[in-house]
Amino acid sequence: MSTFDIILQQLINGLLIGSFYSLVALGYSMVYGIIMLLNFAHGDIYMAGAFVAFVMLAVVSPVLGAGWLGIVAAMIASMFLVGLLGVFIQRVAYRPMLGAPRLSILITAIGVSLVLYNSVMAITDGEFQAFTTDLGFAGVDVGSVHITYTQIILVVATAILMISLNWFISKTMYGKAMRAIALDKDACRLMGINVNKIIALTFFVGSSLAAAAGTMAGVYYGSIHFFMGFVIGLKAFTAAVIGGIGSIPGAMIGGLVLGLLEAAGTQLPFIGSEWKDVFAFGLLILLLVFRPTGILGKTEIERM
Amino acid sequence: MSDIVLALKDVETYYGKIHALRGINIEVKKGQIVTLLGSNGAGKSTTLKTISNLVQASSGTVEFFGKDITNVQPYDIVEMGLIHVPEGRRIFRDLTVEENLELGSYTLKDDKERKNRMDHVFEMFPILEERKKQDGGTLSGGEQQMLAIGRAMMVKPKLLLLDEPSMGLAPIIVQDIMKIIRRLNSEGTTILLVEQNAKMALKLAHYGYVLETGSIAMEGDGSQLREDETIIKAYLGS
Ligand SMILES: Nc1ncnc2c1ncn2[C@@H]1O[C@H](COP(=O)(O)OP(=O)(O)O)[C@@H](O)[C@H]1O
Ligand SMILES: [Mg+2]
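Quick note, the sequences are listed as chains A and B, same order. Just so we're aligned, residue 382 is where the first sequence starts under this note's numbering, counting upward by one. Just so we're aligned, residue 15 is where the second sequence starts under this note's numbering, counting upward by one.
No wet-lab data here; the hints were simulated from the structure. Keep in mind that the hints are not guaranteed to be accurate.
[To be verified] Straight-line distance between alpha carbons at most 27 Å, and here's what the computed DSS-like set of lysine-lysine pairs gives:
no. : chain 1 : residue 1 : chain 2 : residue 2
1   : A       : K578      : B       : K126
2   : A       : K552      : B       : K31
3   : B       : K170      : A       : K566
4   : A       : K566      : B       : K129
5   : B       : K123      : B       : K146
6   : B       : K247      : A       : K578
7   : B       : K126      : B       : K170
8   : A       : K578      : B       : K170
9   : B       : K170      : B       : K217
10  : B       : K147      : A       : K679
11  : A       : K552      : B       : K146
12  : B       : K146      : A       : K566
13  : B       : K247      : B       : K217
14  : A       : K566      : B       : K172
15  : A       : K578      : A       : K566
16  : B       : K81       : B       : K123
17  : B       : K193      : A       : K578
18  : A       : K679      : B       : K146
19  : B       : K31       : B       : K44
20  : A       : K566      : B       : K193
21  : B       : K129      : A       : K552
22  : A       : K552      : B       : K123
23  : A       : K578      : B       : K31
24  : A       : K566      : B       : K31
25  : B       : K147      : B       : K170
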């Protein structure tokens, strides 16, 4: 492989994994922006998204097949159902805690995480599930690098989701209300905004995006597991902090930066790819030393 | 009866153990400017927050056009046409002037009507139109107050609660704000004006109340209060 081929290959790997990080980081960042909660159950929402899509694909594939048509249908169903799951969790677990000390609600989030992944572990006996699709390995060759259509479509799908989210946040009344609530809840109430409803909507959108990422990860890796949300949850949280927690474009950029750094880290000379996380996180810590609020963060981050 | 827009009856409000309102009675008639005076900590803001239900009264009732709104959610109160412009203006600093105004009309579904109302606000405050793409936080104090009032006008309020609109503004800007309040009133908006600047408030008000540590200490017509010895001593001193 030429140097160019290696760079291209890692660029694609980094973009893909970074896309997943970004989609999950968005939910972290939106929820933090609006109620200052580090929702540690968010990685498990991603995992739930993969499992719901897995079930939905089994339901729709007899009619729609297990190609893109069936996958898109399963993904949309998963986004909707897991969005509702997020709203439900917010309603029963977080809303009653909003007046409580920040640490209590954080512990509630960890509890929710335990409930989610233990439930899925019980249902699946802790086994990997094969996420079987009819997508082949067809694609385009650039030099010695083979880029599958699946990879291209997943990156494009992520881009579409992010552009839609940006439009939603910046142009619609609900999006403006979300940004306003992050700034001043009482002022929002005085404007006729039902703050609880907008918080619920934020959980819906954030959870839907995580479900989309979970579905895509299932499609891409071909198998899913109850613990798949753990590491990505931590990484997406990191991505959100890198981008500037609370900032939506920041979460998008943070995820991609982390994904690309990790991909670059697999090519470290002499020490090998097991060090990719050390490499990526080392650089990120360095970034935070010089920019504690992250790439696009505005306000000083509170210590937890 | 129908000309009474707002009536507070024996309203009491607590913050935990702090007894902020100790049974107050206030009436605002249609078309009037009524002012609520009092020194710092008297309970003026608490009165407005109790009306808009940001804080809950522990006893007593708040009636808006004869309807009991004591337990109505703040966002539903807005929909009834009662708008509260809070102390310190509370504009959304990271949102543009235009977005701030749009959010003022959050309860409105009709985009064309929203546009009309925004044009009306811009006609009243041309400076806001010039700055509509700027973040709210970049405006001067006077401009922010105009934005806060403009944002309230986006819902065509029947009753407007203004909490210290003159706070922290230069005297010349206070003059502008007075003109705006008078104009809004002449266009049909009933106003409950909270002020520490009694001189300004009594120039505008048809009727006034003086609040002292959570109770109404005095009330009367604007002209009457302007002449009152104790008021002159306590609030119009210098
Ligand atoms: N959020 C709050 N929590 C506890 N006490 C409060 C709160 N807000 C106001 N108070 C108290 O209630 C009293 C009335 O305050 P406020 O209505 O803000 O007065 P004013 O607007 O006339 O200056 C004061 O003693 C104040 O310290
Ligand atoms: Mg006050």
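Against the structure, the hints:
| no. | hint | verdict |
| --- | --- | --- |
| 1 | A:K578 - B:K126 | holds, 25 Å |
| 2 | A:K552 - B:K31 | violated, 44 Å |
| 3 | B:K170 - A:K566 | holds, 22 Å |
| 4 | A:K566 - B:K129 | holds, 25 Å |
| 5 | B:K123 - B:K146 | holds, 21 Å |
| 6 | B:K247 - A:K578 | violated, 49 Å |
| 7 | B:K126 - B:K170 | holds, 15 Å |
| 8 | A:K578 - B:K170 | holds, 24 Å |
| 9 | B:K170 - B:K217 | holds, 24 Å |
| 10 | B:K147 - A:K679 | holds, 19 Å |
| 11 | A:K552 - B:K146 | holds, 15 Å |
| 12 | B:K146 - A:K566 | holds, 22 Å |
| 13 | B:K247 - B:K217 | holds, 17 Å |
| 14 | A:K566 - B:K172 | holds, 23 Å |
| 15 | A:K578 - A:K566 | holds, 12 Å |
| 16 | B:K81 - B:K123 | holds, 24 Å |
| 17 | B:K193 - A:K578 | violated, 38 Å |
| 18 | A:K679 - B:K146 | holds, 22 Å |
| 19 | B:K31 - B:K44 | violated, 35 Å |
| 20 | A:K566 - B:K193 | violated, 30 Å |
| 21 | B:K129 - A:K552 | holds, 15 Å |
| 22 | A:K552 - B:K123 | holds, 15 Å |
| 23 | A:K578 - B:K31 | violated, 31 Å |
| 24 | A:K566 - B:K31 | holds, 24 Å |
| 25 | B:K147 - B:K170 | holds, 23 Å |
Of the numbered hints stated above, those contradicted by the structure are hints 2, 6, 17, 19, 20, 23, listed in ascending order.
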